[in-house]
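*Asks:* So the chains spell out like this:
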Amino acid sequence: MANPAIEIERLTKDYPVGFWRKKMRRSLDHLTLQVDEGESFGFLGPNGAGKTTTMKLLMGLIFPTSGTARVRGRSINDVRMHREIGYMPEQPYFYDYLTARELLEYFARFFGFNATERSERVTRFLALVGLAGAADVQLRKFSKGMLQRVGIAQAILHDPHVVFLDEPMSGLDPVGRREVRDIILDLKRQGRTIFFSTHILSDAEMLCDRVAVLVEGKLRGIGSPGEIMSVEVHGMEILFEVPKEQTLPPNIVARAKNIGNRYRIEVAEEELYAVLEQLRACEGRILSVAPLRPSLEDYFFNLVGRQKAVVLPTEVGVQ
Amino acid sequence: MLLALVALPLLFVLCAALQVSIDAETRSMNLDQEELLLRSGRLLKNLSLGYEPLLADIYWTRVVQYYGRRARRPGATYESLWPLLDITTTLDPKLMIAYRFGAIFLSEDPPVGPGRADQAVELVKRGIAENPDEWRLYQDLGFLYSIHLKDYQKASEAYLEGSKNPQAHIWMKVMAARVAETGNSLETSRLIWAEVYASTKDELIRRRAMQHIQSLDAALGLKKLNECSEDYWRKFGRFPNSMQELRAAGLVSGTLQDPAGYPYVMGANGVPQLDPNSTIVLDLDQGPDKLR
Amino acid sequence: MSSIPGVVAINTFREAVRDRVLYNLIFFALMMIGAAILVGQISIGIERMVIINLGLSAISVFGIIMAIFIGVGLVYKEMEKRTLYSLLSKPIRRWEFLVGKFGGLLLTLVVNTSLMTLGLGLALYCVGGKFERSDATILVAVYFILLELALVTALALLFSCFTSPMLSTLYTLGIYVAGVFAPGILGVSQFTQNWAVAAVARFIYYVLPNFHNFGVIAAAAHGDAVPLALIWHNTLYAALYVILILVAASAVFSGRNLK
Chain V
1 MANPAIEIER LTKDYPVGFW RKKMRRSLDH LTLQVDEGES FGFLGPNGAG KTTTMKLLMG
61 LIFPTSGTAR VRGRSINDVR MHREIGYMPE QPYFYDYLTA RELLEYFARF FGFNATERSE
121 RVTRFLALVG LAGAADVQLR KFSKGMLQRV GIAQAILHDP HVVFLDEPMS GLDPVGRREV
181 RDIILDLKRQ GRTIFFSTHI LSDAEMLCDR VAVLVEGKLR GIGSPGEIMS VEVHGMEILF
241 EVPKEQTLPP NIVARAKNIG NRYRIEVAEE ELYAVLEQLR ACEGRILSVA PLRPSLEDYF
301 FNLVGRQKAV VLPTEVGVQ
Chain R
320 MLLALVALPL LFVLCAALQV SIDAETRSMN LDQEELLLRS GRLLKNLSLG YEPLLADIYW
380 TRVVQYYGRR ARRPGATYES LWPLLDITTT LDPKLMIAYR FGAIFLSEDP PVGPGRADQA
440 VELVKRGIAE NPDEWRLYQD LGFLYSIHLK DYQKASEAYL EGSKNPQAHI WMKVMAARVA
500 ETGNSLETSR LIWAEVYAST KDELIRRRAM QHIQSLDAAL GLKKLNECSE DYWRKFGRFP
560 NSMQELRAAG LVSGTLQDPA GYPYVMGANG VPQLDPNSTI VLDLDQGPDK LR
Chain B
612 MSSIPGVVAI NTFREAVRDR VLYNLIFFAL MMIGAAILVG QISIGIERMV IINLGLSAIS
672 VFGIIMAIFI GVGLVYKEME KRTLYSLLSK PIRRWEFLVG KFGGLLLTLV VNTSLMTLGL
732 GLALYCVGGK FERSDATILV AVYFILLELA LVTALALLFS CFTSPMLSTL YTLGIYVAGV
792 FAPGILGVSQ FTQNWAVAAV ARFIYYVLPN FHNFGVIAAA AHGDAVPLAL IWHNTLYAAL
852 YVILILVAAS AVFSGRNLK
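Chains as they are written, first to last, in my numbering: chain V, 1 to 319; chain R, 320 to 611; chain B, 612 to 870.
Errors might be hidden in some of the hints.
To be verified - Think about it this way: if two alpha-carbon atoms lie no more than 30 Å apart in a straight line, the pair counts; the simulated DSSO-like pairs of lysine-lysine are:
{"hint": "1", "chain 1": "B", "residue 1": "K870", "chain 2": "V", "residue 2": "K244"}
{"hint": "2", "chain 1": "R", "residue 1": "K520", "chain 2": "R", "residue 2": "K473"}
{"hint": "3", "chain 1": "V", "residue 1": "K23", "chain 2": "B", "residue 2": "K692"}
{"hint": "4", "chain 1": "V", "residue 1": "K23", "chain 2": "B", "residue 2": "K688"}
{"hint": "5", "chain 1": "V", "residue 1": "K218", "chain 2": "V", "residue 2": "K22"}
{"hint": "6", "chain 1": "B", "residue 1": "K688", "chain 2": "V", "residue 2": "K244"}
{"hint": "7", "chain 1": "V", "residue 1": "K141", "chain 2": "B", "residue 2": "K692"}
{"hint": "8", "chain 1": "R", "residue 1": "K469", "chain 2": "R", "residue 2": "K520"}
{"hint": "9", "chain 1": "B", "residue 1": "K688", "chain 2": "V", "residue 2": "K141"}
{"hint": "10", "chain 1": "R", "residue 1": "K413", "chain 2": "R", "residue 2": "K473"}
{"hint": "11", "chain 1": "B", "residue 1": "K692", "chain 2": "V", "residue 2": "K144"}
{"hint": "12", "chain 1": "B", "residue 1": "K688", "chain 2": "V", "residue 2": "K144"}
{"hint": "13", "chain 1": "R", "residue 1": "K542", "chain 2": "R", "residue 2": "K473"}
Bear in mind the hints are in silico, worked out from the structure with no lab data behind them.
Whole structure, please, built from the sequences with the hints as guidance.
*Replies:* In structure tokens form, the structure reads like this:
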């Protein structure tokens, strides 16, 4: 049994709401989970589920109403814990007046590297996140995507054992997202523990050993991606092209949507081969055949829908 | 958090203790030397940007504190008192208390004040110019002329002028007549001071007025005793050696104490005097030598 | 390993230096000193006194403005802009952060005040030509101004931990003004007849930071010497009070949930 890198026990956070701040809104409800060392752990949930709240609690930015957590055996109240972790906040923002290099040098100072080591690390990690060219540009001139990269760089430049990433892919273009994915995979290869939150299902599937699903502050499920997300295939999707002269059979026309001469049709699994045969008859060119999976929103919607029948939403009143 | 709860009160106490020693040092340094960079009342008025009344109040507070601090230090001078009052009354010409304060304390001789009755007169006259309906200012003017400047003619005129105001106390008319006749008498002076005491609410002024009243009462008492002493000489051919002798001779009755509660003593040549321990201070021109 | 507060301090200093507003303030202060020379020409015979008076007053006023202007945003800005998120994930305690911020701003103020004092010295040299021994009091006056600035900075920092810049400015200014008029408060307790008012006034007098202690500009203008005991006691007072405020700020900030 590997050592737990992250242990969260009944972590709860209530926020006072309302004008008189008497009512409490529970944004995290007795979260309990463990992440082993070397694991890549995904924290899934729709917006407002409590993912960022959890991260902030672990980082000591906010304080729990009740419950505890430990990282690598140290309580989250212990400042020494922070030596071994890296954190990238959601939509990071840094000091306007510093350059990327200066920011990383500043943060590097907290870990006791000597000047040469600092300099070397900063250069290396700037290159790693693709910012070597913008190293001496002031951060206020950085785009969102560039800030995201700086965020990753500052999270890992001290080689932490555990890396916390809050929505690391948000705001990035497809190229950027792939780069970040590669970085995460690389970190995983190096044996680090990764804990990252996202609402993009496919990222979680690809990168995580295990995932946890958080909805409205409550842990709804935990396990490998496959276990959690039932591979409910709703049907098949066919993308195809048809030469202009050809006419399509009426059943297809009724159900297909097109832009120009590119068509898309959803069919039940049983009808797949029949439709394909029809298209072959019209000399249609098949572009792709793929199973239809529920989106994460559908998935959560399902979850929430199912749970609503059983449990009423939480609103803890305070005397 | 617990550390803070313990540390904070402790630190406050330490700071307070330090403050006490700092106060002692700044006092010795004469740090409150109140440099008035701007002595011109008119300039200040122009700079006030409409906040004259507020500034006047602030300057009035400074007047009181300036005087209070100075009065407690031996050998203090009061150079800034006049400029401060000048500024205050320029900023707010209707601040009556400032005129009275100036009248009383500017004219007081050292160590109680700078002894500048002339400045006090200028101040009060300015007050009269700005507030012709305030008959009390005429009272102050009369006070200055009779008590300090000893110009009984002008004093009488001032009281008379003030008495013309229909709201004026009948006292003003009485004083106008009295001062012209017996300006330099102790009784008249006492009446003037008694009126000052009765007509003002300011603590400092009342205290000072009471001091003068007691001083005058003592002087009056001494004067009467002196007359008894002379009676004794006429009767027995020599001056009495003590108060007891006077009393034994049936020439005095009642209390033989000064207003502070100390017994009068008989000095050489039958000149009655205050007890050396008495807290009463006779005004210079009411000393024992003036009695003969 | 360099101290954590020191690291934060250097960074705070760097931020202040790159903030252009600061240069405007210094420029104005130097202009004031220049104006003092002009004014000195008008009042014959006391040019030196006027220059010292106006110069030191300008240094003091602009120092206070800078201390408050930057101080009230020290923590507030980092909370609002969320730059604190990544910073606090590093091995840094919350009080180390506060002390570093305080140190950085203080360092900035020391540098600026020194520059302005040099300007003042230059002005005096232009007018007088030589320095006298009694001018040492000017340096003492500048030192006392720095002590004042330390106190004001600490106050601004404290309020910055939990309220908006505008309110922080009001509170800090309020306490500063009250502290300057501290002798007046003591005066109330001495002149009033009401013993309850006297007791309250006396209590307030000792609790408030007494800025009047540091007011030796008049002495500097006259060339009077400042007793060493006072220098020592004022230093101690300022240090203790700053520690007091920083302890309070730490207590407030350490329990604060960041948004």
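*Asks:* Against this structure, judge whether each hint is valid.
*Replies:* How the hints compare with the structure:
| no. | hint | verdict |
| --- | --- | --- |
| 1 | B:K870 with V:K244 | violated, 59 Å |
| 2 | R:K520 with R:K473 | holds, 27 Å |
| 3 | V:K23 with B:K692 | holds, 28 Å |
| 4 | V:K23 with B:K688 | holds, 29 Å |
| 5 | V:K218 with V:K22 | holds, 22 Å |
| 6 | B:K688 with V:K244 | violated, 62 Å |
| 7 | V:K141 with B:K692 | holds, 16 Å |
| 8 | R:K469 with R:K520 | holds, 26 Å |
| 9 | B:K688 with V:K141 | holds, 19 Å |
| 10 | R:K413 with R:K473 | holds, 24 Å |
| 11 | B:K692 with V:K144 | holds, 15 Å |
| 12 | B:K688 with V:K144 | holds, 20 Å |
| 13 | R:K542 with R:K473 | holds, 27 Å |
Of the hints listed earlier, those the structure fails to meet are numbers 1 and 6, in rising order.
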